[in-house]
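Engineer: Okay, here's what each chain looks like letter by letter:
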Amino acid sequence: MHLALFLIFGALAVASAVNLVAQRHPINSALSLVVVMGSLAVLYLLLGAEFVAAIQVIVYAGAIMVLFIFVIMLLNAGEEERTRGSRVAMAVGIPGLIVLAGALMVSLSERNPAARDRVPVGAMFGPPVEVGRALFRQFLLPFEVTSILILIAIMGAVLLARYHAPHPPVARALDPDEAAELLEIAGTHGSATGARERARQEVRR
Amino acid sequence: MTVPLSYYLTLSAILFALGVLAFIIKRNIITIFMSIELMLNAVNLSFVAFAAHWKQLSGQIFVFFVMVVAAAEAAVGLAIIIAVFRTRDTLNVDDVNLLKL
Numbered sequence: 001m002h003l004a005l006f007l008i009f010g011a012l013a014v015a016s017a018v019n020l021v022a023q024r025h026p027i028n029s030a031l032s033l034v035v036v037m038g039s040l041a042v043l044y045l046l047l048g049a050e051f052v053a054a055i056q057v058i059v060y061a062g063a064i065m066v067l068f069i070f071v072i073m074l075l076n077a078g079e080e081e082r083t084r085g086s087r088v089a090m091a092v093g094i095p096g097l098i099v100l101a102g103a104l105m106v107s108l109s110e111r112n113p114a115a116r117d118r119v120p121v122g123a124m125f126g127p128p129v130e131v132g133r134a135l136f137r138q139f140l141l142p143f144e145v146t147s148i149l150i151l152i153a154i155m156g157a158v159l160l161a162r163y164h165a166p167h168p169p170v171a172r173a174l175d176p177d178e179a180a181e182l183l184e185i186a187g188t189h190g191s192a193t194g195a196r197e198r199a200r201q202e203v204r205r
Numbered sequence: 206m207t208v209p210l211s212y213y214l215t216l217s218a219i220l221f222a223l224g225v226l227a228f229i230i231k232r233n234i235i236t237i238f239m240s241i242e243l244m245l246n247a248v249n250l251s252f253v254a255f256a257a258h259w260k261q262l263s264g265q266i267f268v269f270f271v272m273v274v275a276a277a278e279a280a281v282g283l284a285i286i287i288a289v290f291r292t293r294d295t296l297n298v299d300d301v302n303l304l305k306l
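The listed protein sequences derive, respectively, from chains A and E.
Note that our numbering numbers the first sequence so that position 1 is 1, with each residue one more than the last.
Take any residue in the second sequence, note its place counting from 1, add 205, and you have its number in our numbering.
Quick caveat, the hints were computed from the structure, so don't treat them as lab data.
Misleading hints may appear alongside valid ones.
What the hints assert, rightly or not - Examples of chain E residues toward chain A, derived with CB under 7 Å: (1) SER211; (2) ALA288; (3) VAL289.
Every residue gets a Cβ at the ideal spot worked out from N, C-alpha and C, and that includes glycine.
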């Protein structure tokens, strides 16, 4: 049963990650990333990490991905265009993917004697009570430091995303069309001072 | 009924490699950012698997901190993306080749 659940949700996660790479529109990539995160939450539940599974759904699939989708829609991001560089990246990237995945699998799984053991799945290891106790006793200082980190991140995000209004133009050179217009105005009103006054108004406008 | 730890580690390696692949071949800056999140998720999976294997809660605490840092990083990174888009009118990383805003 657990093996079946692992295979189903692991395959779902890998398929969605492949879809993330294959899709060209960022909103499709974002939605497949949500599926990856949801199936990873199920895997965390299988491993008995209930707290992490809940946080995964609430923080990752909820908050962070909503932020991503919000920005994609705000910036009206379209499909990405192909460039010459992207073909080179594809030619390097896909063999690189295979090499990297193989190397990671060998180093993590084959050479690791612990990896041959089996995980007692769903043994209710690490209930939220224990996690909270460890977080607020053993790891209290890192916890407080992360709160400062989040404060800095909030201020940085506000500062970076703030709209800087462009400076109003101080002076502007007259182009020939405007000069002709001014001459016309001067002709109708007959006086040079009146024309200058009009010209100032025009420029200001 | 149990699942071997190596299955979890293999899945984690595959997800991480797919994240690296997306990071390399994607040209949209938001998608590149999402592939970083995918890599962080893959690492989180191996953290939780090792935590369950060694019966150490520290692994889950690490995942918690990784998520906090990822949230902070997403907020700041998306703010940078908005600032870049405002000045350059593009999300293509090939066109964003100067650090100057």
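Engineer: State for each hint whether it applies.
Structural biologist: Structure-based check of all given hints:
1. SER211: At about 4 Å, which falls below the 7 Å cut-off, the nearest Cβ of chain A leaves the hint on SER211 (chain E) intact, so it holds.
2. ALA288: Hint on ALA288 (chain E): holds, closest Cβ of chain A at ~5 Å, below 7 Å.
3. VAL289: violated, 10 Å
In the structure shown, a violation is registered for the earlier hint numbered 3 alone.
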